Amino acid sequence: RNMIQLTENLAVIADDLQYIVGKPVQRERNGEAVIEMRRPQYYPTLAGAVRGAVSQAMRDKVAENEITTLREFLSEYQHINEEFRSLLKPLE
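The sequence shown begins at 27 in this note's numbering and counts up one residue at a time.
Bear in mind the hints are in silico, worked out from the structure with no lab data behind them. Given the structure is predicted, the values throughout are model-derived calculations rather than measurements. Beta carbons: idealized from backbone N, C-alpha and C, even for Gly. Be careful, since some hints might not be right.
DEER-style ranges, computed between Cβ atoms [what the hints assert, rightly or not]: (1) S112 to R53: 32 to 40 angstroms; (2) E98 to K49: 20 to 28 angstroms; (3) R97 to N56: 44 to 52 angstroms; (4) K115 to N35: 19 to 27 angstroms.
Below, in silico cross-link-like pairs of lysine-lysine (DSSO-like), each with a Cα-Cα straight-line distance of 27 angstroms or less [stated by the list, open to error]: (5) K87 to K49; (6) K115 to K87; (7) K49 to K115.
Take the sequences, apply the hints, and build the full model.
So, in structure tokens, the structure goes:
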């Protein structure tokens with residue numbers, strides 16, 4: 027399956043019904059390399075999937091103590107949102 031890498035740890039894949047955001051992990055199944063998504067979250071639109079990825083990326087940074095203050099959180103959240111907003115602009 028093809029995927030779009032969104033952040034260092036998150037990617038999005040799609041099937042005919044939805045977009046799936048999660049952490050891609052490569053596994054071998056029946057002698058063939060297969061990409062599976064850890065902690066998958068499902069979205070009907072790509073824009074929703076990207077918003078969900080931003081939220082997950084922020085949770086990961088807090089959980090890993092990369093962000094420890096509200097000021098750091100707000101600064102990083104604004105930075106990530108602006109970055110993804112500019113990437114999504116052509117889709118609007």
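Legend entry - Range agreement (Cβ of R53 with Cβ of S112, hint 32 to 40 angstroms): Cβ of S112 to Cβ of R53: about 34 angstroms, so the range 32 to 40 angstroms holds.
Legend entry - N56 and R97 - C-beta distance against the hinted 44 to 52 angstroms: At roughly 50 angstroms between Cβ atoms, N56 and R97 fall inside 44 to 52 angstroms, so the hint holds.
Inset, instruction - May I ask you to test the hint 19 to 27 angstroms on the CB atoms belonging to K115 and N35? - result: 24 angstroms, holds
Inset, instruction - Hint says 20 to 28 angstroms; check whether the CB-CB distance for E98 and K49 agrees. - result: 23 angstroms, holds
Legend entry - Satisfaction of hint between K87 and K115, Cα-Cα up to 27 angstroms: With Cα atoms ~25 angstroms apart, K115 and K87 stay inside 27 angstroms; holds.
Legend entry - Satisfaction of hint between K115 and K49, Cα-Cα up to 27 angstroms: 24 angstroms, holds
Inset, instruction - Compare the distance between the alpha carbons of K87 and K49 with 27 angstroms, and conclude whether the hinted pair is satisfied. - result: Distance ~14 angstroms between K87 and K49 Cα, so the pair holds.
The earlier numbered hints are all upheld by this structure, with none contradicted.
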